[in-house]
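This is what each chain is made of:
Protein chains: 2
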Amino acid sequence: MKKPSLTILGCHSSIPTNKFHPTAQILEMKGFSFLIDCGEGTQVQLKKAKIKFNKIMHIFISHLHGDHFFGLIGLLSTFHLLGREKSISIYAPKGLKEIIDVHFKWSYTKLKYGIDYIELSSKKLERIMKNEKIEVFSIPLKHRIYTNGFLFREKPNNKRKLNMEEIQKIPDIKIVDYQNLKLGKDFKTHDGIIIPNWKLTFDPPKILSYAFCSDTSFYLPIIEHIKYVDLLYHESTFLKKEENRAINTGHSTANQAAYIAKKAKVKKLLLGHYSNRFPNLKEFEKEAKKIFLNVEASEPLKTYYLE
Amino acid sequence: MKKPSLTILGCHSSIPTNKFHPTAQILEMKGFSFLIDCGEGTQVQLKKAKIKFNKIMHIFISHLHGDHFFGLIGLLSTFHLLGREKSISIYAPKGLKEIIDVHFKWSYTKLKYGIDYIELSSKKLERIMKNEKIEVFSIPLKHRIYTNGFLFREKPNNKRKLNMEEIQKIPDIKIVDYQNLKLGKDFKTHDGIIIPNWKLTFDPPKILSYAFCSDTSFYLPIIEHIKYVDLLYHESTFLKKEENRAINTGHSTANQAAYIAKKAKVKKLLLGHYSNRFPNLKEFEKEAKKIFLNVEASEPLKTYYLE
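Top line first, the protein sequences correspond to chains X and H.
Going letter by letter, the first sequence gives residues 1295 to 1601 in this note's numbering.
Going letter by letter, the second sequence gives residues 1295 to 1601 in this note's numbering.
All the pointers check out, no bait thrown in.
Since copy identity is lost for identical chains, a pair holds within one copy or between any two.
Lysine-lysine pairs mimicking DSS-like chemistry, simulated, CA-CA at most 25 Å apart: (1) Lys1561 / Lys1580; (2) Lys1436 / Lys1559; (3) Lys1349 / Lys1391; (4) Lys1562 / Lys1296; (5) Lys1417 / Lys1399; (6) Lys1349 / Lys1324; (7) Lys1404 / Lys1436; (8) Lys1391 / Lys1404; (9) Lys1436 / Lys1399; (10) Lys1313 / Lys1346; (11) Lys1388 / Lys1436; (12) Lys1596 / Lys1313; (13) Lys1399 / Lys1388; (14) Lys1344 / Lys1313; (15) Lys1424 / Lys1453; (16) Lys1404 / Lys1388.
Just so you know, the hints here were simulated from the structure itself, not pulled from any lab data.
Pulled out of the complex, with its shape left as it was, chain X reads as follows:
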């Protein structure tokens, strides 16, 4: 199984340009491709990143400001034009369904695939999706309109992994014994020798998790929801010198994003949602590094691995 990865499609705020793509990213985890936000031009960015459209079964929209979803109607239309039949789930605040429906109404389009809208309205952490491998939670953020972050966690699997090399050395161990070994039990041979479990198995794989927090003011309640995540994307629309502007617009600075990452003891921080007024992304990184060392300023079409 591939390591989970996050591919940035766009990491700028508000006005798209040839270089500045609005928010969109793909999380690939346990064989799933989750699209998170979908600013204008996302379908072109997906193509550049060589993401297969047909693998996208779940789309998460944080809020209904244009730089986070104006590319969605185009993507959904393209799915239709390409003959998609597999239905898709869209997790978004109230309003998105009305917006999408009115487009298809006026183009007289009868979609060939279904859209399952999961309307988000919780003001607390809430599990919004689960399957056998992954759980997704909405994280309440603080912005000018109702906005969620998202927490993606692999499902706990506490079973130990078999160490086949060692197991094959002991002819007494049969396939029927494997289940007990996975559960951590020691093995007793026919002549009464106890072989400790740790000699026959490996520790279960670590559960990996990713948290997406954009757009948000500097908001301490986020911390408890994202504790110890392996990767945190936290918006940093501004630098510290524009902190007042951040407060007035419901955004954060790089300095504040780093503070949240440090307090939540996350493994790695990615910055993004940059204001176009700062062309040098390294400035964001430099500012955050003073508080939290393992930080990168995310860049479009770059992939970051969870490990």
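Given chain X, put chain H in place with the hints provided.
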């Protein structure tokens, strides 16, 4: 005054890619900048073409298929973010206002500028805009949903232009005489000599006109509306070998576009709205040239002059 020009922002159909931009173009005529259609990514193309956003006062939307207007909501939002105060007029079929309104409702946006919607519903040629310099007409096209082309014509100005070099040689001619000269009258000096008007004036400037016809089936009634235009953009989604596909989808072939151009005796034909299945645009040009010589396959970010 600059010569009227048409700048192509996008000339492909349906699915946008990094190279294939959906329909959008800017007609610059008599100091006005008219935006015609607005597929996804148009605001980025406008920036690349160095078109000043603030000069756009009129937007014409042919029909409500996504590749002709999915970039509009992003552009209108950007106008707002840039602090635009000048109102804008949008000429479009019924439905567009509802689509735009629902976006701004859910983002709780109160626009700083006004939008004046002119809802198009005529099934005949109809004048939809006029000012002191230009008239615009909707041209009924034949497509899967209600669709208009647009005809842009400079206003007739039959007044002759003064030939100041000649006029200054004749001291008898005073400023009060200029009006009569512009109207084509001869001049009589104080000693009774008649100076013919053509010696003192130039012919009035030619009236230039541009017709945009996309999307449409091969539709002969277009011809009478676009007779003698200086530039015709007529869609050619397909080549002749895919004529059946053109019929089934409500589009035209390059061959058919050329036939329309020839019958309408236009000065120059531009092809566009190409299907992505034909990567070599010269094939369209080659096919059309067999019927109509002065033809070009339009290309993004290229400017074509009316003369």
